[in-house]
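Undergrad: Start counting the sequence shown at 1; every next residue gets the next number (the numbering used here).
Warning: the hint list may mix true and false statements.
[What the hints assert, rightly or not] Here are the in silico distance ranges between beta carbons for each label pair:
no., residue 1, residue 2, range
1, Ser4, Ile89, 29 to 39 angstroms
2, Glu57, Ser4, 18 to 28 angstroms
3, Glu39, Glu92, 26 to 36 angstroms
[Stated by the list, open to error] The calculated DSSO-like cross-link candidates involving lysine-lysine, where the alpha carbons are at most 30 angstroms apart (straight line), are:
no., residue 1, residue 2
4, Lys8, Lys27
5, Lys77, Lys8
6, Lys50, Lys8
7, Lys81, Lys56
8, Lys8, Lys41
9, Lys72, Lys42
10, Lys42, Lys27
11, Lys77, Lys41
12, Lys72, Lys14
If you're looking for bench data, these hints aren't it; they were derived computationally from the structure.
Beta carbons: idealized from backbone N, C-alpha and C, even for Gly.
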Amino acid sequence: MAPSMSVKEYYSNKTIFITGATGFMGKVLVEKLLRSCPEIKKIYLLMRPKRGQNTKERLETFINCVVFSHIKDDYPKRLDKLQVIPGDILAEGLGISIEDRDLLQRECQILFHCAACVR
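Let the sequences and hints guide you as you build the complete structure.
TA: Written as structure tokens, this is what we have:
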């Protein structure tokens, strides 16, 4: 049997791609990863423009959600690990540019697909 590894150790120095991060479960997942796994390298978040906000503005709104208040107060630098990948789950290929697709293929070891279409 292989030696056991903690969750914190498993995610150490890993890069993650998350769809559906702006939903309830996605926010909870991102907060838990940032709080419990400080050695995560980076978290890419698939986001689309919505309600007149571009993806950069949506990331700011996302970070200002109350669920991240503990992270903002105690570990604000961890929020720098979040990076938006513009796209849309309803578009072919998630609407991700070729450059971003190549970036994700090179860098990511883990994918969480939390997205759902509620339209």
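Undergrad: Does each hint hold? Answer for all of them.
TA: A quick look at each hint next to the structure:
1. Checking the proposed 29 to 39 angstroms range against Ser4 and Ile89 shows it holds: the Cβ atoms sit about 35 angstroms from each other.
2. Against the hinted window of 18 to 28 angstroms, the Cβ-Cβ separation of Glu57 and Ser4 comes to about 42 angstroms, which falls outside the hint.
3. A hinted range of 26 to 36 angstroms holds for the C-beta pair Glu39 and Glu92, which are about 35 angstroms apart.
4. Between Lys8 and Lys27 the alpha-carbon distance is near 19 angstroms, which keeps this suggested pair within the 30 angstroms criterion.
5. At most 30 angstroms may separate the alpha-carbon atoms for a hinted pair to count; Lys77 and Lys8 meet this at roughly 18 angstroms.
6. The suggested pairing of Lys50 with Lys8 is violated, with an alpha-carbon distance near 33 angstroms, which exceeds 30 angstroms.
7. Straight-line distance between C-alpha atoms of Lys81 and Lys56 comes to about 14 angstroms, which keeps the hinted pair within the 30 angstroms bound.
8. The straight-line distance between the Cα atoms of Lys8 and Lys41 is roughly 12 angstroms, inside the 30 angstroms bound, and the hint therefore holds.
9. Among the hinted pairs, Lys72 with Lys42 is consistent with the structure: their alpha-carbon atoms are about 17 angstroms apart, no more than 30 angstroms.
10. Simply put, Lys42 and Lys27 have alpha-carbon atoms about 15 angstroms apart, close enough for the 30 angstroms limit, and the pair holds.
11. Using a Cα cut-off of 30 angstroms, the hinted pair Lys77 and Lys41 holds, with the two alpha carbons roughly 12 angstroms apart.
12. At roughly 22 angstroms between alpha-carbon atoms, Lys72 and Lys14 fall within 30 angstroms of each other, so this suggested pair holds.
Comparing the model with each numbered hint stated earlier shows that hints 2, 6 do not hold.
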